[in-house]
Structure formats: C-alpha cells, structure tokens
Amino acid sequence: MTNLTDLTLTGIRDGVAGGDFTATEVAGAFNAAVAEAQEALNAFIVTTPEAALAAAAKVDADRAAGKPLGKLAGVPIGMKDLFATKGVQTTAASKILEGFKPEYESTVSQKLWDAGAGLLGKLNLDQFAMGSSNESSAYGKVTSPWRRPNDTSALAPGGSSGGSSAAVAARIVPAATGTDTGGSIRQPAAFTGISGIKPTYGRCSRWGIVAFASSLDQAGPMAHTVQDCAVMLEAMAGFDAKDATSLDLPVPNWEAALSGDLKGKKVGIPREYRLEGLNAEVAKSWDDGIAWLKDAGAEVVDISLPHSKYALATYYIIAPAEASSNLARYDGVRYGLRDLPDGANLQEMYAATRAAGFGDEVKRRILIGTYVLSAGFYDAYYTQAQKVRTLIARDFEEAFKQVDVILAPTAPTSAFALGEKTNPLDMYLGDVFSVPASLAGLPAMSVPAGLDSQGLPLGLQIIGRPFDEQGVLNAGLAIEQRAGFSAKPTKWW
Amino acid sequence: MSVDTATVAKIASLARIKVTPGDLEAMVPKLNGILAWVEQLGEVDVTGVEPMTAVIPNTLRLREDITNADPLTGGGIRDAVLANAPAAEHGFFGVPKVIE
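Here the protein sequences come in this chain order: W and Z. Numbered according to our numbering, the first sequence spans residues 1 to 493. Numbered according to our numbering, the second sequence spans residues 494 to 593.
If you are wondering where the hints come from, they were derived from the structure by calculation, not from laboratory data. Heads up, a few of these hints could be off.
Some but not every residue of chain W turned toward chain Z, in silico, with C-beta under 8 Å [said to hold, decoys possible]:
id: 1; residue: Lys71
id: 2; residue: Thr200
id: 3; residue: Ala211
id: 4; residue: Lys242
id: 5; residue: Arg338
id: 6; residue: Tyr350
id: 7; residue: Arg354
id: 8; residue: Ala385
id: 9; residue: Leu391
id: 10; residue: Phe416
id: 11; residue: Leu418
id: 12; residue: Gly419
id: 13; residue: Lys421
Glycine is no exception: its CB is placed at the ideal position from the N, C-alpha and C atoms.
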C-alpha cells in the first residue's frame, strides 16, 4: 500500500476522489506522523487530531452519498498559528495570546474547511511573524528536519512560517498555510526544499489573520509541488467584504492553466541582485535557473531594479511602524494575558502586561516603529521610507514593461544553524531578495532548485506582475520540471 | 540619528512597555545598530515622489446599510466578545480603577 504521508496534496485529493483510500485513512496516517515528530521538531503549538478525523469523516460520508467533493476534499493541512481558528487556541507564538480561543474563524481557514480540508494543528512560527529563523517563538524553536551530513546540529527551518516549512518538508503534513510580510513564505520554503507562493497583495483576505504589517501581510500556501500550491491557493483566495484591501476579482483556475512551456515569455534577471560577495553556490543555482527557463522556451533579459538596495532599510522602517500600531491592541483588557501588579493603575497594567507578554524581537520592533512614527522623526524616517517604497514599486513597473516574470534567488544562503545569528541586523539582511516584491505587493514564489555542497536545499524565486499568479506558477513549474528536485531530509526524529 | 537610554525610556513609555534599567542598557546598542543602518535612505533623491499609500490600486467600498448583514461582524454577541477577556465582570471588561 502507498505510504500516504509521502503523497502530494493533489495525490491525496485524487486518491480520495478515486476511492484508492479514504480520507479517514489519510488523516490517521498524518495524525500519527505529527505525533511522532512533535517532540523533535516542535513544528506545532497545538495539535488537533480529532478535527482532522472529523473533517475526513465528513468527506468520506459525502463521497459515499455521491455528493460533489471540494477542491481539497480529504486533504489534512497544518495552519500557521496566525490564523484565527474558532475554539482552537490562536497565539501568534506569543505569550500575550496564550489561551486565546477565537470565537470566529478567519476567512482563509474557513475557505479551506469549505473546500474539504481538515486541521491537523496550529503550526509554530516566529512571534507575531517577526523573524527569519523561528527562534522568536514563545513556544520553543522549530528544528528543521534537514541536517548537514554527519552533523546533528539543529538547523533553522526559516521564518516566520518555520513550523509550516518544517512540517511539510518532514512529510508530517502534505501542505500548510503560511503568511508572507517580507519573505515569510518564500525563505522558509527555500530552506526546506518545498514550494510556496505569496499571491498579489489583496488576493487572500486578511480577515482573522493576526496583523503584523497590514500593507504587506499576505497569506499563501506551502506544499511539495507547484501544482499543489496552485490548487491550495485557489481554495484560499477570493474577495472578502470584511477586508478593506481585498481584491474584488474572480479567482482564476490556476491549476487548469498550468503550463511549463514558456515560449514567447521574457524572463528578467535583475543585475542589482548580483550582490558583491554573493554566495557562489547560490549564484550557480541562479545560473541553473536561467538555463532551465531558456530550455523552457523563454527569452532571458537583463533588467535593472535600481532602488533594490534600499528595500531592506525601507522595509525595516515600514514594517515596524505598522506593527507598533497593530500591536497596540494587546493591552490586557479584551483578550490574552493581563499582568496587574499590586496597586497598579490602568496605564501601569498596560505596560506590565506588554512587558510580560511580548518577546524581545517584538518589543524591539514596536520600539523602532514607535520611534520612526514619533513627532520630529516621522518625516525623516517614515515618510521618506514610503517615498522610497514608491520608487521600488516603480522600478518593478518599468521592468514589467520589458519582461513577464523576474528570476532571482530566494535567499542569500541555505539554512543556517539555530543560534548562529545573534545580531538582529544579521538576521534582517537575510531577507534581501524577498523584501522588494513584498514592498511592491507582487506575487512571488519559491521553488526548490537543488542542494548545495552541504546537502541543504536552495530555492529560486519568481516574481510576477500584479494579479499574474499564473505567470509565476508557470515559470515555477518550468523550473520544477527541469530541476528534478527529489531530495528529502533523512528521517532522524 | 542615534538614541540614548533616556530616549529609549521615553519611546518605551509611549509604547506602553515597562522596561528595567537593565533592559534599556541592552536595547540601546541594538536599536542604534538598526537606526544607523536605515540612515542610508536619506541619500535617496525623492524629489517629487509621492509616498506610497496603497500598493495595489483599490477603491474604498461602502457596505450595504444593513445592520448585522454579516453575523461575524454584527452586534448582539456580548458574551462572545467577552469570552476571552481576562477579567469580564457584569457584562463589561473589568479594569483597575481609573477615577481618582
């Protein structure tokens, strides 16, 4: 019998629909895999085996009754613990939300349940999605299932969607939700040898997702293949009146239109991304990607994105500024933690609660955000950053007059070891290739390109025009078909 | 620009985060490292450039003028609103005394 946990999302969907196995069998197999890996990987903050079985039982009953099945019927998934799930603890990996059980369901998670998916559990992440290694979680670090050969040191699964990437790579979930503010889907996907796409800003509703930086946050799928991502994104996307920035556009049938044939397409290679001192193996994998896209029929064009070098600094003003406003809501009054020292007044209660509830990185970003928005500094920092953001977006607009998609590395290195980066700035610099597309609201995905000399995955990033997820997915598919990436972490847990 | 402990204490107070003198000492160099690095934005010529307000053009919509059209965002759900409050009392959010 097929090892169910080795199947892709579409393999599970088709197998359940065709009667090769039941949704209940699939849920049972993944529940067991989750339980077995939890101690070693810490990918989940809470597990919900009963919810996965209940969703599967409904799919099996619907199939037996001859009812139409949803796009994700019988597929159990992991949900990043940033999505509000009714009755299931939702923490954003922060102590300040410990025990918080939403009375409502986020739009994206509801759409996934409506499509027939089931919940295996809530996945660990960097606290409030602030981080690139999953080390800022208040519920413990996530350990990547990948290791260097003959070396047991724990590697970072990337972040902030590090529980999602680790769980998919370890084959304890077939697919997971992620959110991407400055690279939080793409970088962890690259670190763990999986695929993930951040759609155009506004494609997926933000309603019910714990807010970090509202002008940047977007949800997206993380899975084994480009096709899996296309299917799951179809289920997640769509207009939602409850999100003022939701795009009122129909959701295309991305899966049906998938094609790795890029004849007539132009692929831009941004010369500014060829950083001085760029890791030679990353540069080599980028060259491989260029050759693969040429082989798929695309024409390769040298392009310039002159303001790219300012993207990180722009991001690290705008994202903390928005975070400092969004996180003002955690006050110890309406939900979550309250720290009320003896005799404290209301203001002292706020300050004590926030000191006790937020982690160091979250506090640091709130303080930076508060500073750049404060009187006297607002124009010099925040307004200046918003102007540079306009220039960064304009660079992409100009480039997309010449090309259909852009190819770049996803991250400047493969996975680093947990505990290796202790200076916040060193961590921020790892987002250099992912942040520009975020600032411009563009669809972007990471697909596995190969392994480096340490045996660790490298990812390639494709950035597309606004609303052109199809172009991004197709170029991703062309790479996937040629990279032939089949490496899996050796099971040690 | 760089910040000193007094400035960080002021920012922390604005952000309603209690900090100890030890926290301040640890935060100042890290915050200054970040601020020194973002200074580079000052060199960009932004003459005549409008600050970004919406990354993907969109229009602001008005909802239908119907009460509770969507029960998820409608009213009449006091108990659900209070369900996660650390100190709900008599149908209200409880807070320390605010009147002197």
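Verification of the supplied hints:
1. For W/Lys71, the shortest C-beta to C-beta distance to chain Z is roughly 23 Å, which exceeds 8 Å, and the interface hint is violated.
2. For the restraint placing W/Thr200 at the interface with chain Z, the shortest Cβ-Cβ distance is roughly 6 Å, inside the 8 Å limit, so the hint holds.
3. Here the hint on W/Ala211 is broken, as its CB sits about 16 Å from the closest CB of chain Z, past 8 Å.
4. Checking W/Lys242 against chain Z: minimum C-beta separation of about 6 Å stays under 8 Å; hint holds.
5. Satisfaction of the interface hint for W/Arg338 is found here, the shortest Cβ-Cβ separation to chain Z being roughly 4 Å, below the 8 Å cut-off.
6. Below 8 Å, beta-carbon pairs count as interface contacts, and W/Tyr350 has one with chain Z at about 4 Å; its hint therefore holds.
7. Because the closest C-beta pair between W/Arg354 and chain Z is about 5 Å apart, less than 8 Å, the hint holds.
8. Residue-level restraint check for W/Ala385 holds (minimum Cβ-Cβ distance to chain Z is 6 Å; threshold 8 Å).
9. For W/Leu391, the interface hint holds, the least distance from its beta-carbon to any beta-carbon of chain Z being 6 Å, beneath 8 Å.
10. The interface hint given for W/Phe416 is broken, as the beta carbon of that residue sits about 19 Å from the closest beta carbon of chain Z, more than 8 Å.
11. Because the beta carbon of W/Leu418 sits about 20 Å from the nearest beta carbon in chain Z, more than 8 Å, this interface hint is broken.
12. Because the closest C-beta pair between W/Gly419 and chain Z is about 17 Å apart, greater than 8 Å, the hint is violated.
13. Taken as an interface hint, W/Lys421 does not check out: its beta carbon lies about 13 Å from the nearest beta carbon of chain Z, beyond 8 Å.
Checked against the numbered hints above, the structure breaks hints 1, 3, 10, 11, 12 and 13 and satisfies the rest.
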